[in-house]
Structures are given as C-alpha cells and as structure tokens.
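Protein chains in written order, with the numbering used here: chain A, 15 to 447; chain B, 318 to 638.
Warning: the hint list may mix true and false statements.
As the list claims (entries may be wrong) - Derived pair list, reagent style EDC-like, types lysine to aspartate or glutamate, alpha-carbon separation capped at 20 Å:
id, chain 1, residue 1, chain 2, residue 2
1, A, K164, B, E561
2, A, K75, A, D168
3, A, K176, A, D146
4, B, K456, B, E357
5, A, K172, A, E138
6, A, K243, B, E562
7, A, K172, A, E92
8, A, K18, B, D388
9, A, K164, B, E562
10, A, K357, A, D418
11, A, K176, A, E322
12, A, K317, A, D146
Hints were generated in silico from the structure; no laboratory data involved.
Keep in mind the model is a prediction, meaning the values are calculated, not measured.
As a plain string of letters, each chain reads:
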Amino acid sequence: MLTKRGIAVLNSTFILGVLASFGFDPLFTTIALIVVTVLAVETMLYAKSLRALRRTTASRKLSAETAFVGDSISVDPEIENGSRASLGPIVVKDGTPQGFKTIIPNQDWIVSIDGRSSHLLHYEIEPQQIGDWNFESVEVTLTDRFGIFKAVRDVSCKSLIKVYPSMKKGEELLKGRIHLGMRPIRRSAVTTPQGSEFSGIREYYPTDDVRTIAWKAMARSPAHEPKTKQHENEQAINTIFVIGNSKRSGEGLVGDRKLDRLVETAIVLAYLSLKTGGSFHVVYSRNGRVESASGRPLTLAAKLYNIEPDPHANIEALVRHGAKLASSRSLMLAAVDSPFPQKIESSAYKGAFAANHFLHVLVLETSSFFPIESPDKTLALARDVIAAREIEHLRRLIAVWAEDGITAQICNRQDLLAKALEVFTNAGVMIEA
Amino acid sequence: MKVSPALITLFVAMALPYLSLMILSNYFGYLGLIVNTLFEGRLYSISTLMAIGSVFAYVIRVSKGSGALQDGLIILTLTVPVVLPSLLMVGLLLSPFQDQLPKYFSSAADLYLIGIASLAMVLPLLGVVNHASVVFMQKGSAAGAVLMTMVNYGLVAFVGLAGSGPIPAGLSSRALQIIGARILVDSFFTLQSILASVIGIPLAAGTPRSAPWLASPDRIWTATLFAVASAVYFYYRLYQKRAEEEGARALKKEGGPIVTSLHSIGFAIFLAVLIDTGLIFVILFATQQLQIAVELTMVLAMATVILLGFADRLMPWWFGR
Numbered sequence: 015m016l017t018k019r020g021i022a023v024l025n026s027t028f029i030l031g032v033l034a035s036f037g038f039d040p041l042f043t044t045i046a047l048i049v050v051t052v053l054a055v056e057t058m059l060y061a062k063s064l065r066a067l068r069r070t071t072a073s074r075k076l077s078a079e080t081a082f083v084g085d086s087i088s089v090d091p092e093i094e095n096g097s098r099a100s101l102g103p104i105v106v107k108d109g110t111p112q113g114f115k116t117i118i119p120n121q122d123w124i125v126s127i128d129g130r131s132s133h134l135l136h137y138e139i140e141p142q143q144i145g146d147w148n149f150e151s152v153e154v155t156l157t158d159r160f161g162i163f164k165a166v167r168d169v170s171c172k173s174l175i176k177v178y179p180s181m182k183k184g185e186e187l188l189k190g191r192i193h194l195g196m197r198p199i200r201r202s203a204v205t206t207p208q209g210s211e212f213s214g215i216r217e218y219y220p221t222d223d224v225r226t227i228a229w230k231a232m233a234r235s236p237a238h239e240p241k242t243k244q245h246e247n248e249q250a251i252n253t254i255f256v257i258g259n260s261k262r263s264g265e266g267l268v269g270d271r272k273l274d275r276l277v278e279t280a281i282v283l284a285y286l287s288l289k290t291g292g293s294f295h296v297v298y299s300r301n302g303r304v305e306s307a308s309g310r311p312l313t314l315a316a317k318l319y320n321i322e323p324d325p326h327a328n329i330e331a332l333v334r335h336g337a338k339l340a341s342s343r344s345l346m347l348a349a350v351d352s353p354f355p356q357k358i359e360s361s362a363y364k365g366a367f368a369a370n371h372f373l374h375v376l377v378l379e380t381s382s383f384f385p386i387e388s389p390d391k392t393l394a395l396a397r398d399v400i401a402a403r404e405i406e407h408l409r410r411l412i413a414v415w416a417e418d419g420i421t422a423q424i425c426n427r428q429d430l431l432a433k434a435l436e437v438f439t440n441a442g443v444m445i446e447a
Numbered sequence: 318m319k320v321s322p323a324l325i326t327l328f329v330a331m332a333l334p335y336l337s338l339m340i341l342s343n344y345f346g347y348l349g350l351i352v353n354t355l356f357e358g359r360l361y362s363i364s365t366l367m368a369i370g371s372v373f374a375y376v377i378r379v380s381k382g383s384g385a386l387q388d389g390l391i392i393l394t395l396t397v398p399v400v401l402p403s404l405l406m407v408g409l410l411l412s413p414f415q416d417q418l419p420k421y422f423s424s425a426a427d428l429y430l431i432g433i434a435s436l437a438m439v440l441p442l443l444g445v446v447n448h449a450s451v452v453f454m455q456k457g458s459a460a461g462a463v464l465m466t467m468v469n470y471g472l473v474a475f476v477g478l479a480g481s482g483p484i485p486a487g488l489s490s491r492a493l494q495i496i497g498a499r500i501l502v503d504s505f506f507t508l509q510s511i512l513a514s515v516i517g518i519p520l521a522a523g524t525p526r527s528a529p530w531l532a533s534p535d536r537i538w539t540a541t542l543f544a545v546a547s548a549v550y551f552y553y554r555l556y557q558k559r560a561e562e563e564g565a566r567a568l569k570k571e572g573g574p575i576v577t578s579l580h581s582i583g584f585a586i587f588l589a590v591l592i593d594t595g596l597i598f599v600i601l602f603a604t605q606q607l608q609i610a611v612e613l614t615m616v617l618a619m620a621t622v623i624l625l626g627f628a629d630r631l632m633p634w635w636f637g638r
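Just chain A, same shape as in the assembly (with noise of 0.2 Å):
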C-alpha cells in the first residue's frame, strides 16, 4: 500500500523527472533517471519481500508464566523467515497486552533477515494490571528503505502470563501496622492464663483462685495483702470483606481501576488476618454466580488475579453468601461502587445484620479513577464539577444507609486502602460500641 510519505516522495521524484526531461542541460535527465530508477529498484526488491512476508512465522519467549504486579519481565519474540528471498526491511512490534509497560521498547527496524533464518528482539515489560493477559500475534510491517510502500501483516504467536497483585505493599504496610500494636481484636478481662496475655494486678476477690495469687506483689504490698493476677483474653476478629466487582468496577487507568484497587486491599487484609489470627474471606462475583477465597495473602492472590467486572454480580446475594462464611459477631467489610444515577437499596445487606456482623460499606468514588491532569483550566473545570456531582450522590446514598443503621464512608483511589486498613483495625472497638 502506498504511504503518505510514499505519494509525497513519488510526486516530487515526478516533477524532479520532469523538471530534468525539460530542462536545458542533458546531465540533469540522467540524474533524474538514475534517482527515478533508484525508487524502482528498492521497490522491486519490496515487491520480492512480499512474497517472504506471507511464509513469515513468528515465537515468544517469556521469562516467566506467572508474575507479580511490578516485577519485570523479559520478552524474547522471534521472526523467521520461511522464504528463500530476504525479507526486509522490516518493523517488527509485539502486540503488548495493555497491561503491561513496556521498559524496553517493544518494537525494532530491522534491516533485513536473510532466507531461512530468524531475528530475536529483546524486550522488557513491566506487568500493571492483574488477570489473565494473552499476547495474540508480532505485527510485522514490511516497507521499502524509502517508506514509499507499508504492508502490515500480524502473524499469530500466542503467549499466556498470569498476573498476580503485588505483595509487597501489603507486608510493608502489615510490618508498619502491627509494629502500632493496632490489631483488629476483642478484649475481655479474664483471670485464666490460657490463651491470654498478662494485664496486671489487682486485688484479690474471696472468689479467685488461688493459682492466680500474683506472691511477690504481695510481699512487696506493705500489709502483705493478697493481690490477683489478671489477664486478658484476646479474640481475634473474623473478616468478611465483599468485592462488588459490578460491571464498573473495571472503570480507571490500567492498572489502576477499581478492581485492581479492591484486590490490593483485599491481599493487604489476608495479611493482617494472618498474623492476627482471624478467619479471612473474601466473596466476589464471576458470571453471575457468587464465589468465595479464603486462605493465605498467596492462596488469596492467585484466585483473586484474574477477577473481572460482572454485569450480573448482585450485591445482595455477595452480602447473604459472605454471612454465612463466619461466626456472628465478625467484621463485614463491603466495598462497593455506585456511580451516579445508580443506587444500591439498604436492603441488599439485610443479610449481614441477620447474622448479627458488624457491616461497614466503603463506597468507591468513581471519578477519582479518572485523574486529568491537564492544563486547560476547562477540562479541570468540567472534572471538578462531575466530582462534586459524584460526591454528593454517594452522600446521599450513604445518608439514606444511615437512617437504616449502616455505617459507610466514601472513599477514592488514593484512600481505599487506608479507610479500609483504619476499620479493620479498629473493628474490635467498634464491635464492643
């Protein structure tokens, strides 16, 4: 096909041709000639490449199966060409999943590649965005050195990674967050020092047992009066956490969306729950149907990586399923979006109360997903005024929840995790309330 550059050269080689026939020096149509017969030489020799294009195959190599957000990843596709004519000159670009960012560049010129041999490019990616990524086909451009004549062809080379959330965050934040001894735990003050932690001392009750007399409290006390040892029985908190992956919940910047956003919380609490010592569960919506995951942040991550927007997903029937997955009296977290005009009935968690848990709804601030940074004051107008429209619908959602007894807060991209981190760990004082 004939390029735009193509037709721009092609013409001024014509009025150069012309100019030269024309002209009053004999020289200048020679040169003109041989510049013209230059053009039909290289696209001749383009018109053979062709021929090698068709019988052009391509194979990946990847570093790694599976891998975690941010790790880094090397791709090794490799051209080759089938034909006995060479092939070339050629731009060869590898069809990078969206998901990924590319590190090193995922496309070359090259040259030529000779009859029947291959040409490896080397290329870097940087995963950004969780789930199942598939890389369908290397485009192969073939072209003139001139670029008068493009023919693309994408030649099938199929390839499948596993993307997994990013670990590293939740035990960085895990380390900072036990370190403030803040732990999502139910205390009651117990005498019995199984399972519990010593509290201090107090006096002694006619009632106590003996074995618990604290003996050098009491010689130390000037009256040699008994004192009692106490301790505190420590009762970790189950966790229901509920991803309303709706059909928006795809909605943001890769690697940035609401789901990537959810996923990262919900591995973050898997590790706080583990050294804790609560149950954690997390249910979710896939085609329809309610599924659940508990177990390891690893265990969590590798059946939560491929999570995706479910048009069908019914936050109602997520909240009954998740309630049924612990004992009363745990923490339901449910995170949810509702953008503008929809809205969530507060009776779609009538199943957490019913099982006597402890529900708090985050609800995801959509336009926050959509950072516009830009310097047209219009544009950052526009996006200031569907916030605020955003924002007020959700205090008006969240208002009509609170007539009905349920606690929520809005929350955005940069805050999600932290709002959800503050409940979890708070939720033994809140429960008590």
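Using the hints, position chain B against chain A.
Here is chain B on its own, set in the frame of chain A:
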C-alpha cells in the same frame, strides 16, 4: 540542526555542479563587481548594498526562522534594488524639484540595470543558502534537494551567460549596467523561446554570446559525483529518517541502518545504473535518438514504481493476502 560530517560531504557533492560552474563562469568575479560598485559611493550603491544585504537577511531568516523582522528584512533588501528608481521618481514628482525629472530619467535607467544585475547575481547565493538549509535541516522533500541543485545551476549559468560577452574595462558600475542589460535581453529571449516551443512558432535569432565553460569536460566528473550523492542522499533522508522514527536499535549499535546495509544500498544503486544503461542502449538502438532513449527510460522507471506500488492491491492472489 544535526549536521554530521556525512551530511556535509553529501551537501558538497550535491552542490558540486553549480560550485564548479561558479568557478568556471567567473561568477565570483561578477560578485566583485557588486562590491566595487558599493564602494563607488553613488546612488546605485544603495541597490548593490541591498543586494548584498539580502544574502545576510536570508541567512538570518533561515537560521532564526520566520518572524516579522526577518521577513521584513528579506522584503526590503530584495525589493529596493528594483523599486528604488521608481520610488525616487515618485518622490521627485511630489517634490518642488519636478523640473529635474528629465535629468533623472537617464540615471534612472542605470539605476534599474545595476539593481537588476545585482539582484540576479546574488540570487545563486540565496539559492546556496536555501539548498544548505534544505539539506542540513532536512526540510521539504528529498527530491527537492536534488531539484535545488538544478535551480542553482541554472541561476549561475544565467549570470555567467550574461557576463560572458565583452565588458569594457573601467568602472565596475558600467560593467554591471551592461550585464544588467544582457540579463534583461536574455530573460526576454528565454521567455520567447519557451513561448515559441509551446505555441510552435519558429524562434527568432538567438543570443550571439557563447559560453564555452558549459561544455567543460569537468562537468562529467561533477555530474557523476552529483548523481551518486543524490542517490545516497535519498537513502540518508528517507531511509535513515524513517528508521529513526521507528526507533531502530541498529542506530545506536552500529552507526545506523545505512551503515548496516551499505552493501545492499550499493547494490541497488549499481542495479539502477545497470538497468538505465541497458534500457538507454536498447532504445537508442531502436530510435537512434539519445534524448528519446533517456526520456523513455525515465518513463519506464516511473511506470515500474507506480505499477509495482499498486500491485499488492491489484493482485492479492499473488501476495497471498
């Protein structure tokens, strides 16, 4: 502006036909006439000053880009040599010195001729500046740079032809007047010859002046170098630039795609020359006319480009798509 030694070499090779013609036709001697006239300190020195100034104005225009000042300078310096006599005439008409007008007419003719001659003589220099900017800044089309050589060559030949007749010794301004007059006559003759060939009427008697330097044997070498440089420039301009746009990694590793495929570029140029020679000989043998043989070969080459270019659309079965 990225000026590499390779690009400078290409530019010199492409400019060689008119650079050598400048020497052969005594072009620099004519430029000396302009400078000498400038120092004569007469009214027409303003015209020569503006003509020289136009070269500097154009250099500024090219290096700094377009702008009100740059464009104004170009317009001023290029129009004053021709418009100055008319302006003076209007000024005299409006002034209380109207009775001096008949005396001015004789000197106005000289002013016109010197202005025209100065302007015509600096035009090749403007062409060189433009050619250099086209090559170094990679502006316009690749063929445009080749075309510029032809234009500059024509301008130098035009000036050389005007100055090739006998010129009386003495004042430089007198010599400029004579050359100016010849330029006018030659312009009319060129126009006449073009019209005659278009309409198909017989041409009147031609210019009696001869230009032996046009038939100099050196031109074969300069023209050959120009031909090769033009072909290589095509590769440099289109191939290298396109590869740069596509982010060719060979550019970083091995000095660019032209270097890596130098053998195949050489083969393409060699094949082109071979095809030309073969075709020219075949057609020459059939028609016995060299001009027709060369022109027919060019038409065939153009037809090949167009036909093969559309072939992948016209014959999908052949390419399997």
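Each hint tested on the structure:
1. Simply put, K164 (chain A) and E561 (chain B) have alpha-carbon atoms about 17 Å apart, close enough for the 20 Å limit, and the pair holds.
2. Distance restraint check for K75 (chain A) and D168 (chain A): the Cα-Cα separation of roughly 18 Å lies within the 20 Å cut-off, and the hinted pair is therefore satisfied.
3. Distance hint between K176 (chain A) and D146 (chain A) is fulfilled; the C-alpha atoms sit about 5 Å from each other, no more than 20 Å.
4. Our distance criterion of 20 Å between C-alpha atoms is broken by K456 (chain B) and E357 (chain B), whose separation comes to about 40 Å.
5. Among the hinted pairs, K172 (chain A) with E138 (chain A) is consistent with the structure: their alpha-carbon atoms are about 17 Å apart, no more than 20 Å.
6. With a CA separation close to 78 Å, the supplied pair K243 (chain A) and E562 (chain B) exceeds the 20 Å bound.
7. With a CA separation close to 12 Å, the supplied pair K172 (chain A) and E92 (chain A) stays within the 20 Å bound.
8. Our distance criterion of 20 Å between C-alpha atoms is broken by K18 (chain A) and D388 (chain B), whose separation comes to about 31 Å.
9. The hinted pair formed by K164 (chain A) and E562 (chain B) meets the criterion: a straight-line CA distance of about 15 Å does not exceed 20 Å.
10. The straight-line distance between the Cα atoms of K357 (chain A) and D418 (chain A) is roughly 15 Å, inside the 20 Å bound, and the hint therefore holds.
11. Using a Cα cut-off of 20 Å, the hinted pair K176 (chain A) and E322 (chain A) holds, with the two alpha carbons roughly 14 Å apart.
12. For the hint linking K317 (chain A) to D146 (chain A), the alpha-carbon distance of about 12 Å falls within 20 Å, and the restraint holds.
Comparing the model with each numbered hint stated earlier shows that hints 4, 6, 8 do not hold.
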